[in-house]
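For what it's worth, this note's numbering labels the leading residue of the sequence shown as 19, then goes sequentially.
Just to be clear, a hint being listed does not mean it is correct.
Capping the alpha-carbon separation at 20 angstroms, the derived lysine to aspartate or glutamate pairs in DMTMM-like fashion look like this [what the hints assert, rightly or not]:
(1) 130 with 52
(2) 130 with 113
(3) 102 with 113
(4) 102 with 75
(5) 130 with 153
(6) 102 with 69
(7) 130 with 117
(8) 102 with 31
Cβ pair distances, simulated, as ranges [unchecked claim]:
(9) 34 with 117: 16 to 24 angstroms
(10) 22 with 126: 15 to 23 angstroms
(11) 49 with 75: 29 to 37 angstroms
(12) 153 with 103: 33 to 41 angstroms
(13) 70 with 153: 35 to 43 angstroms
(14) 22 with 75: 35 to 43 angstroms
(15) 85 with 137: 30 to 38 angstroms
(16) 66 with 124: 12 to 20 angstroms
(17) 142 with 37: 35 to 43 angstroms
(18) 41 with 69: 41 to 49 angstroms
(19) 67 with 139: 32 to 40 angstroms
Hints listed in this document are in silico derivations from the structure and should not be mistaken for laboratory results. Quantities reported herein were computed from a predicted structural model and do not represent experimental measurements. The C-beta atom is built at its ideal place from N, Cα and C for all residues, glycine as well.
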Amino acid sequence: MTATDIAIVWDTERSQGDWQLIAGGEFLTAQALETAVMISLFTEARAAADDVLPQGETDRRGWWGNALGEDPIGSRLWLLRRAKCLPETLNLARDAIREALAWLVEDGIASKVEVTTSWISPTRMGAAITIHQPDRSAALRAEWAWQGI
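From just these sequences and the hints, can you work out the full model?
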């Protein structure tokens with residue numbers, strides 16, 4: 019039996035995730051791994067001192083809960099929100115996703131995480147993520163609206 023958690027449903031048009039109620043007033047559920055991946059990708063990690071912030075931004079952001087623990091969560095995908103739709107942007111996004119999901123391998127949840135990024139449309143980036151576990155491999159698809167310049 020696989021563990022379940024409250025599902026995070028991603029709204030690509032508004033670039034945000036939320037919980038969803040279903041019949042009977044209960045929350046939609048998903049595999050716990052899927053929820054953990056969504057939190058890892060779409061919680062904003064603090065920008066490193068040498069990261070270039072998007073034009074007009076001065077806030078290095080970051081989730082406040084990361085100040086309380088040794089193992090920060092989140093990704094730096096937000097840094098690419100206004101990047102140009104170039105192959106280099108896809109490479110940077112792939113690297114940010116790998117970095118955000120590295121904890122899966124470090125904690126022994128997965129033996130390997132594979133990430134492929136692509137432009138789905140001029141305003142939408144997608145990522146195919148395969149998480150290899152000892153007993154199975156989970157393939158996840160994530161996509162989000164892009165605000166490229």
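Status of the hints after comparison with the structure:
Under the criterion of a C-alpha separation no larger than 20 angstroms, the hint pairing residue 130 with residue 52 is consistent with the structure, at around 15 angstroms. For the suggested pair residue 130 and residue 113, the alpha carbons sit about 14 angstroms apart, so the restraint of at most 20 angstroms is met. Using a Cα cut-off of 20 angstroms, the hinted pair residue 102 and residue 113 holds, with the two alpha carbons roughly 16 angstroms apart. Between the alpha carbons of residue 102 and residue 75 the distance comes to roughly 16 angstroms, so the proposed pair stays at or under 20 angstroms and holds.
Restraint check: the Cα-Cα separation between residue 130 and residue 153 comes to about 13 angstroms, which is no more than 20 angstroms; the hinted pair holds. Pair hint residue 102 plus residue 69 holds up; C-alpha atoms about 16 angstroms apart against a cutoff of 20 angstroms. The hinted pair formed by residue 130 and residue 117 meets the criterion: a straight-line CA distance of about 12 angstroms does not exceed 20 angstroms. A distance of roughly 18 angstroms separates the Cα atoms of residue 102 and residue 31; the hinted pair therefore holds under the 20 angstroms criterion.
One distance hint, 16 to 24 angstroms for the beta-carbon pair residue 34 and residue 117, holds here, with the actual separation near 21 angstroms. As the Cβ distance of residue 22 to residue 126 is approximately 20 angstroms, the hint placing it in 15 to 23 angstroms holds. A hinted range of 29 to 37 angstroms for the beta carbons of residue 49 and residue 75 is consistent with their spacing of about 34 angstroms. Against the hinted window of 33 to 41 angstroms, the Cβ-Cβ separation of residue 153 and residue 103 comes to about 38 angstroms, which satisfies the hint.
A C-beta distance of roughly 41 angstroms is found between residue 70 and residue 153, which places it inside the suggested range of 35 to 43 angstroms. Evaluation of the 35 to 43 angstroms hint for residue 22 and residue 75 yields a pass: the beta carbon distance comes to about 37 angstroms. Restraint check, residue 85 to residue 137: a C-beta distance of roughly 35 angstroms satisfies the suggested window 30 to 38 angstroms. The hinted window of 12 to 20 angstroms between residue 66 and residue 124 holds, with their beta carbons roughly 19 angstroms apart.
Checking the proposed 35 to 43 angstroms range against residue 142 and residue 37 shows it is violated: the Cβ atoms sit about 23 angstroms from each other. Checked against the hint of 41 to 49 angstroms, the C-beta distance between residue 41 and residue 69 comes to roughly 44 angstroms, which is consistent with it. For residue 67 and residue 139, the hinted distance range of 32 to 40 angstroms is satisfied, since their beta carbons lie about 34 angstroms from each other.
In the structure shown, a violation is registered for the earlier hint numbered 17 alone.
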